[in-house]
Every structure is written in structure tokens, then in C-alpha cells.
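Chemist: Residues -42 to -1, 1 to 395 (mature numbering (1 follows the signal peptide of the UniProt record, and there is no 0)) are what the sequence shown spells out, left to right.
Hints listed in this document are in silico derivations from the structure and should not be mistaken for laboratory results. Check each hint, because a few of them may be wrong.
What the hints assert, rightly or not - Here are the computed distance ranges between Cβ atoms for each label pair: (1) GLU279 with VAL207: 30 to 36 Å; (2) THR341 with GLY153: 47 to 53 Å; (3) GLY38 with GLU279: 42 to 48 Å; (4) ASP51 with ALA203: 33 to 39 Å; (5) PRO8 with ASP118: 32 to 38 Å; (6) THR274 with ASP340: 40 to 46 Å.
The C-beta atom is built at its ideal place from N, Cα and C for all residues, glycine as well.
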Amino acid sequence: MKHRGRHRRRRRGRALRAALTGAALALTGAATLITTSQATVADDPGTLKPLTSAAETDALRLTEHRVPEPWLDRLSASMGEPVGVDAVLDSADRTLRKAGDCTAGEREALPVSPAATRAYCWDDADTEGWRPGAVTTSGDADEDGLWGTHRVILSAWSRDDGTPGGGLARVSFVDADDPDRLGYTSALLTVPVDGGHDYRGLASPVSGMVWYQDKLLVTTAAGDRDALYVYDVERIQRATTAANAVGRVPGGWAANGHRYVLPAVASYRLPDTDGAARPGAISLDRGTAPDSLVASERVTADADRPTRLWRYALGTSTDPERTGLPVTDAAGGVNAAEAYETGAAEVGGVLSYRPPGTAHSEWYLGRAAGGQDGRGTLWRQDTEGARAAECGADQSQQCWSGSAGSLSYSERTGEVWSQSENMLFSLPLSSITDALD
């Protein structure tokens, strides 16, 4: 298994690797013609407007709160020695189905243009009652695209039980070494309480998630003052009972029937102001120095205000206690390194990518269908303008997945991974840029 020092080597060249070869999947549903009701041209979001004033950037500032080390040690002492990602992958008890084995209804969630080149659907029995969320991969975690010797995909899921703020959240660890057989198992996301004598479930959907070095950063929904929670993939704990409860129970530790638990190690709190920006979608950008965490907020189409896009610098510290975390100032604050406003609403996925030899990043926005029926749209935007992918004889811009899930780019393989409804899929970044050119 990789040790922490493994992630602190020098940055390699940033050239875009060769894109995946072969034609796009001929997927029934993904190739469905756009209907007249879906062919409405989406609103052009225009140019990105830089945000530079203190009032504008202060609304993006987060404050770091670390879970005390004794709390985490107390949990480990009671639950047993933490395990790593390898142990979780070795115990995979579920398998994703390849696209050809998915139903036509499931494949309808895939984008039309640009089309997916790889696609899978989840085990229905395992995902019943759970809603899909964000995706990240070992391509985010490390530049070589691997965690140890494994290629890994992480997929977030949430269960809405009707309580304020939501139900539970979990992350599925997918062994992606063999593209013909993706096995997986899941770990419940939790937050230590009572001095580490117990934990509660993370009661929030996860619309954004980035695995960077040994840390997993996830977003939370409105209702939680903490905008981001951080998990350490080297601190995965085993549940000791299959009970449906969460936390300490008579006879051991429960995780709602899951075999593994991820206790939070830190969180990042929003400013106590009305205009504070809550990250909705997040992704990793390795084209900046240092690497950065990219964020967008989710603004509905009827909100009548712009959407903010911004980034936080990620640390290069050799301190093992700060690996994978955002850069903080002396007061424990995390300030935006760059910020913009966009006219795009319903942003469900965001990527920032700087093409080799250029000075500025391009922003890719997956916009959900929102209150409209049909598919979402995929846009590329910068300070000079915006362009959407088009499809069909009428050049409709509603070509993307309707839910417009999170976007995760692996520099090593050139792939972008996303998730829509019950489908997990990928496509080359080069096919996205071709569609937008």
C-alpha cells in the first residue's frame, strides 16, 4: 500500500495523455434522437466575470476544524486497527453490470453527445432506496492514476429518510483494474461525536467529492453549517455488527448494515453570512500550481442570480498531518485563489482544465435539466464566451445527462468519469473538447 510520502513527489509533465481508443459505445437510449420538446436551445451563460472585491471573495472563505486526534484514536482503540483501501477492495461483494446488460431505461440516462465510451449500471438490490451522488477516482488521488497497484473509482450515495437534512451517506469503493468486471463494496460516512466514544451518520447528500492524496473531501447540503467534510482513506474502520443502527450498539459498532465506516477527520465551515457560497460540485485541477480544488454552487433556474465558480489551493506541505488538505492561513481560514460569476444555472458538474501551452483555464459545466423534462447541457466557458455541445439534426444543446452529475478527470488516462441515475460512465476529455469545438 502507498505510504504518505508516495504522494509528495515532484509534479510530472502536464501534457494531455492519449485519449481512449475505439468508437463510442452504441448504447440504446444514449443514441436516442432528441424530441421536439427537448430541442429548446439552452440559455447562453455568456462570459465568466472575475470576482475580486473583498466582499465577493469573503463569501467563499472557509474555516478549518480538525477532529481531535484523541477522538480518532479512541475510536480505533475500540473498533480495532484501521484498514486501507486494499482491504476494502479485496472484500468486494457486489458487481456492476456492463452497459450491454443494463436496461434501455437505464441507458437513457447516458449523454447523447459526446457519447460515453465505457458505461456500467449498479446492482439494483444494493442501490434500492439510495440516490447517486458524486464520483472521484484514483486519477484524482495520485498522478499515476493508481492507489497502490489498483485503479479505483469512488461513488457517493445518499438515502433520504424524510428527516431534516437527509438520511445517510456512503461511498462505494469500486475495483476498476479489470474493465470487464467492476466489483465493489461500500463504507458509511460518519462523524465522530462524544469525544470519540461514538459516531453519527453524515446526514447529507454528497453532490461533490474529490479524492486527493490520502484525503476524501465531500460536500454537504444546506442545513449543515459545515460545507465540506474530510475523510482519511487510511482510517477506514470495520463495523463489528450488521445491525441497521449507526454507531455504538450493544455488542459492538454498527454502520447501517455496511461492513466499513469512514469517520470524518476534519470539516470546513461556511462564513456566518447570508451570502456565503456553499460548494455543490467539486473537482480536482492539476493544471494549477499548486493543485487546486475547484467548486461551483448549485443555483436554481428561477433564483434570478448568477452562479459562483471558484478554487482553493491544495497544500504541498511535507507535514503528514496536512497531506491532501486545502491551504490555510494563520487563522485556519481557506481563501479562494480565484473566483468567477457565470450566468449558468443548475450546475451539477464542474471541471477546470488548462490545455498545454495556454495561460488560462477552461471551465466545463454540466447543467441539469432542472425543472424541464429531458436532458441537461454541457458547456465550456471562459472570460471570452461560452459554447455548448450540440446534437441531432436541429442542433439541440440538450445532449448531456439529465441529472448532470459530478465530473472527475484522470490525467493519466485522459478520461472523464461521471454518474447519472443508475449509470456510471466515462468518456475521453478529447471527445468533450471535440464536441465543443
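Chemist: Please go over all the hints and tell whether each is borne out by the structure.
Modeler: Consistency of the hints with the structure:
no. : hint                           : in the structure
1   : GLU279 with VAL207: 30 to 36 Å : holds (31 Å)
2   : THR341 with GLY153: 47 to 53 Å : holds (49 Å)
3   : GLY38 with GLU279: 42 to 48 Å  : violated (22 Å)
4   : ASP51 with ALA203: 33 to 39 Å  : violated (21 Å)
5   : PRO8 with ASP118: 32 to 38 Å   : holds (37 Å)
6   : THR274 with ASP340: 40 to 46 Å : violated (27 Å)
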